[in-house]
Amino acid sequence: MLGSVASCGKGLRRLSDAAHDGLAAVFRQLGLFVARRPLIFILLPILCTAVLGVLALRNFEEDDNPEHLYAPNSADSVDDRLYVRQEFEHPAVVDRLYAVANDGNGKNLLEPSVAKANLVELMELWEHIESFERTFFGFLVTYTQICYRTRPNFQCKRESILDAWDYDMAKLQADDDVLGTINSGNVTDIFGRPLDVESALGGVQRDADGRINGAEIFQLVVEIDTDLSEQDEALLRLLDSTGNLTDEQKDGLGKAGSFTSEGSDPRGLLWDQELVDEVHGWHTAKRGRLQAFYSSTPHVYREATEAVMRDMIWVLLAAPLVGAYSMGTLFRNNWIAIKSHLVAFSTLSVGMSYVSAIGFSVTIGVEYNLVISSVPFLLLGLGIDDTFIILGAFRKTDVRDSVQDRIATTMASAGSTIFVTSVTDFVAFLLTMFTDIPALVAFAVYSSSGIFFTFVYQTTFLLSFVILEAHRERRLYKGATWLGLGPIPKGGRAPSESANDSHTSSEEAATPASLPAGTPMTAKALEIRRGSSGSAEQDAKEAVTRKLSSSRPDLNSTGVNPALTSKIFGRGDYDPCSKSFTARFMGDWLPKVLLSTWGKVAVVLLELALLSAAIYGFMNTYMDFRFKDWFTPKGSRMATAFKIQDNHFGGDQNPFTIYTKAAPEGLTYFDFQDQFVALMDATRQNPFVTDKPPVFGWYEDFSAWLNTSAPASDLVDGRAPNATAFTDLVRRFVDTDGALYFSDIKFDESTDEIVASRLVRGHSRDLVDGDYMVDFVDSVRHEAHTGVPDLDPFVYHFFFPFIDGLKVIQYVTLRNVLMAGAAVFLIVLVLLANFLAALSVVCMIALTDVMLFGYMWYRGMTFNIVTSINIILAVGIAVDYSAHVAYAFLARKTGTNTERAAAALDDIGGDVLAGGVTTFLAVVALYFAEHYIMDVFFNMMTVIVLLGLWHGLVVLPVVLSFIGPRAHVPEERGRTGGACVAVEEGRA
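UniProt numbering numbers the first residue of the sequence shown as 1 and each following residue consecutively.
These are calculated hints, taken from the structure and not from any lab test.
None of these values were measured; they are calculated from a predicted model.
Fair warning: there could be bad hints in the mix.
[What the hints assert, rightly or not] Quick list of the computed label-pair ranges, beta carbon to beta carbon: (1) G365 x R134: 28 to 36 Å; (2) E130 x I364: 44 to 52 Å; (3) A725 x D247: 50 to 58 Å; (4) T894 x Y811: 43 to 51 Å; (5) L15 x G570: 47 to 55 Å; (6) K579 x G365: 49 to 57 Å.
[Claimed, not checked] When the alpha-carbon atoms are kept at most 20 Å apart in a straight line, the in silico EDC-like pairs for lysine to aspartate or glutamate are as follows: (7) K171 x E127; (8) K807 x D79; (9) K807 x D766.
Where a beta carbon is used, it is the ideal one built from N, C-alpha and C, also for glycine.
Taking the hints into account, I'd like the entire structure generated from these sequences.
The structure is reproduced here in structure tokens:
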């Protein structure tokens with residue numbers, strides 16, 4: 001058994017060696033290839049970005065249909081939606097206007113002294129809406145053209161307290177007792193049904209006799225038609241064939257083709273969109289007693305899009321924040337060592353990556369949507385992380401080597417590192433595609449392609465500027481003026497291969513007798529030399545220094561090239577061996593505290609406390625999806641309208657309709673009347689269904705109409721005597737008193753039989769959370785299927801696709817997290833060639849995700865599609881912080897486990913911390929974001945970064961100090977140490 005484990009370990013190490021050596025060789029060759037032609041690799045990414053940018057502009061399409069975005073393609077509601085669109089007209093837009101006192105909410109609008117004046121002003125608002133008109137693409141659009149009518153030539157469907165006066169200003173003006181009219185019990189709607197006055201008034205107050213004497217809100221409901229009728233299509237064809245359409249109108253019809261081809265009329269939505277803005281500004285222009293708030297669910301996405309576009313402005317703040325921090329981190333007080341200016345090119349490469357990702361994604365047919373708006377912030381943080389790795393490796397190369405050798409060494413180290421982290425990010429994000437929820441698929445495509453282009457542009461475009469930087473350093477080393485861009489003074493000497501030869505000879509001349517001849521003066525050799533004593537060695541050093549000073553004009557009196565030690569500002573010499581603040585913090589200060597006995601105990605206890613709190617939050621987190629509340633911008637007038645609706649008009653209730661299809665062959669709807677009655681009763685008794693507003697349907701009202709309007713001789717037990725009579729009577733009903741149901745019943749043109757109907761309408765009770773939503777939908781679907789199974793019934797509403805999305809989001813998220821975690825584990829296992837170390841890294845990722853999930857409850861967030869994306873993102877992002885540290889730990893072959901953990905923090909801790917800070921700064925500007933998606937992204941990404949750094953830089957070193965996997969990472973090849981070793985060797 002032990003032999004098998006050992007054999008497996010050896011095989012894994014051989015695989016890791018092959019992978020490491022192979023990647024190092026590939027990226028070494030890439031570095032050499034780019035180093036020979038940097039200008040080409042600057043131009044090629046720019047050209048690629050330009051081409052993909054043009055494709056993005058030409059092919060850009062936005063998916064603004066939330067029903068499609070957040071519902072699984074395999075959900076029942078998706079097929080149901082298609083059926084409703086085909087058999088029935090496109091659903092009308094239901095708009096709700098809420099009028100409140102202009103001088104503050106809570107005022108009584110029906111106080112006797114002001115009631116009539118307030119109602120008159122409400123009537124004026126209605127008349128303004130009725131006369132409101134706009135021109136779109138040469139077509140004049142008015143309310144009467146696009147209002148929803150249940151049957152042709154019937155009244156526009158609307159409902160409010162103004163029904164009491166038939167929307168007639170003259171009748172209202174003539175009424176001297178408006179409160180008496182409201183309380184008369186004779187108020188009916190346009191269909192002649194009694195009006196539930198409390199559905200038209202909010203914050204109702206009653207006197208001791210139960211009469212209404214106060215209300216805080218007037219509600220006005222209007223419905224807008226979005227269906228392109230056969231008559232409208234015929235008229236357009238006639239106008240086109242007779243040449244009566246202007247060029248502007250033809251152009252407009254062309255642009256509206258995507259709507260009209262699906263039987264939708266865009267005029268209603270365009271007019272309604274203008275009306276939203278008109279109503280919200282009406283009180284300002286009117287300066288009257290009332291102000292109005294407009295709620296319209298279809299326009300939520302428009303306001304959400306506008307809010308996200310405003311939030312995208314924060315990229316302009318995020319980029320300078322990240323840039324300023326990065327420039328500060330890369331600043332050195334020496335013209336050779338400073339690398340701050342390269343941040344601009346790194347940021348530019350990230351922008352190019354985002355443009356390229358959009359161009360690629362839209363070209364392959366993946367439409368843009370609001371969820372993707374967080375991608376540029378994500379790429380900004382991850383892209384700058386790669387820059388730190390590349391420049392960190394570049395700084396460790398010897399300034400005296402040739403440019404090509406330095407770049408080859410840089411890419412052999414940094415290229416393989418950022419390749420592994422990019423692959424883990426790419427795989428984690430790409431695996432999100434394995435779902436049928438379009439929003440998640442689109443995010444996977446845009447984010448993974450963004451990671452791909454970021455990696456490509458960092459290793460080509462940015463690397464080309466690093467190559468130019470290396471040439472600048474050589475010129476500075478040679479004595480060039482103007483930051484290395486000016487002329488080289490006569491006699492100057494660059495560190496070419498011949499210079500390296502001279503450098504080696506100098507080392508040999510200065511090598512003390514205690515070292516073998518030919519030993520290079522590395523940092524280790526310097527330590528040995530410093531430990532030797534005797535005047536002979538000191539005399540030899542002084543002699544060599546005098547000789548170098550006289551023969552090498554590029555060296556100062558100490559034998560060091562002044563370009564390496566001169567300061568940009570300030571007095572004295574620059575010390576290239578000095579550490580940055582983050583390097584000192586991570587390499588010197590943190591390990592002393594963290595890896596002490598009490599430090600380890602404190603970390604373990606704190607981790608257990610955090611985990612306990614996270615598990616408690618995890619257990620209390622619940623599913624929910626509040627489309628209106630979350631996607632409407634905070635503080636907007638529409639958000640206020642939805643709040644009014646929630647508080648006074650059942651805003652948390654969800655409407656639903658039970659649809660039935662054609663009867664089986666040999667049967668008609670006449671044969672299912674008893675089942676219709678039973679289904680109506682069962683729906684009313686359903687615990688998830690409210691009785692206010694009441695459940696209603698065409699069959700029940702048709703039955704009541706039969707017993708009041710049809711001759712008794714034509715009926716048998718109060719019903720139609722046969723199928724033919726049944727169909728005739730139904731037609732007569734919808735053509736007369738049943739106008740409300742005219743569009744609810746579809747007849748076959750040839751057989752005159754009913755082939756589809758909207759049988760029952762109702763509302764849920766308040767939907768308290770996602771689990772309740774799912775139970776409600778399952779319950780009413782069950783009632784429908786058991787009530788009239790032979791009519792293939794289904795239940796549908798606009799919100800049902802969202803609920804179907806909630807039904808699967810738990811499974812989808814868990815599956816994708818496990819798949820991403822397994823993929824990351826395999827990649828890290830190959831990289832580290834140590835099962836225990838790879839398992840430790842994956843455990844850090846798992847702990848980060850669990851704590852992130854628990855944090856959601858403390859922050860008041862719920863589990864839904866938006867938060868699910870960030871939970872999956874955590875796998876790809878958190879691995880970066882832990883994998884680097886584990887890799888550095890395994891590279892240390894000597895010392896105790898604690899010493900190796902401290903050395904790992906010293907080697908890579910500063911770069912990991914800097915990368916985490918840049919990712920945080922990339923999203924911190926979203927603290928000011930208006931939109932829910934951006935707000936969630938800010939909160940969860942902040943926690944991902946903090947938890948990722950905590951587990952990667954604090955918990956993992958402690959864990960490694962306990963379990964101590966043995967070292968196994970190939971050591972870096974070639975001379976490293978950068979300017980520090982060059983200065984030390986020169987001084988030696």
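So, going through the hints one by one against the coordinates:
no., hint, result
1, G365 x R134: 28 to 36 Å, "34 Å, holds"
2, E130 x I364: 44 to 52 Å, "47 Å, holds"
3, A725 x D247: 50 to 58 Å, "55 Å, holds"
4, T894 x Y811: 43 to 51 Å, "48 Å, holds"
5, L15 x G570: 47 to 55 Å, "51 Å, holds"
6, K579 x G365: 49 to 57 Å, "50 Å, holds"
7, K171 x E127, "14 Å, holds"
8, K807 x D79, "16 Å, holds"
9, K807 x D766, "18 Å, holds"
Hint compliance for this structure: every hint is met.
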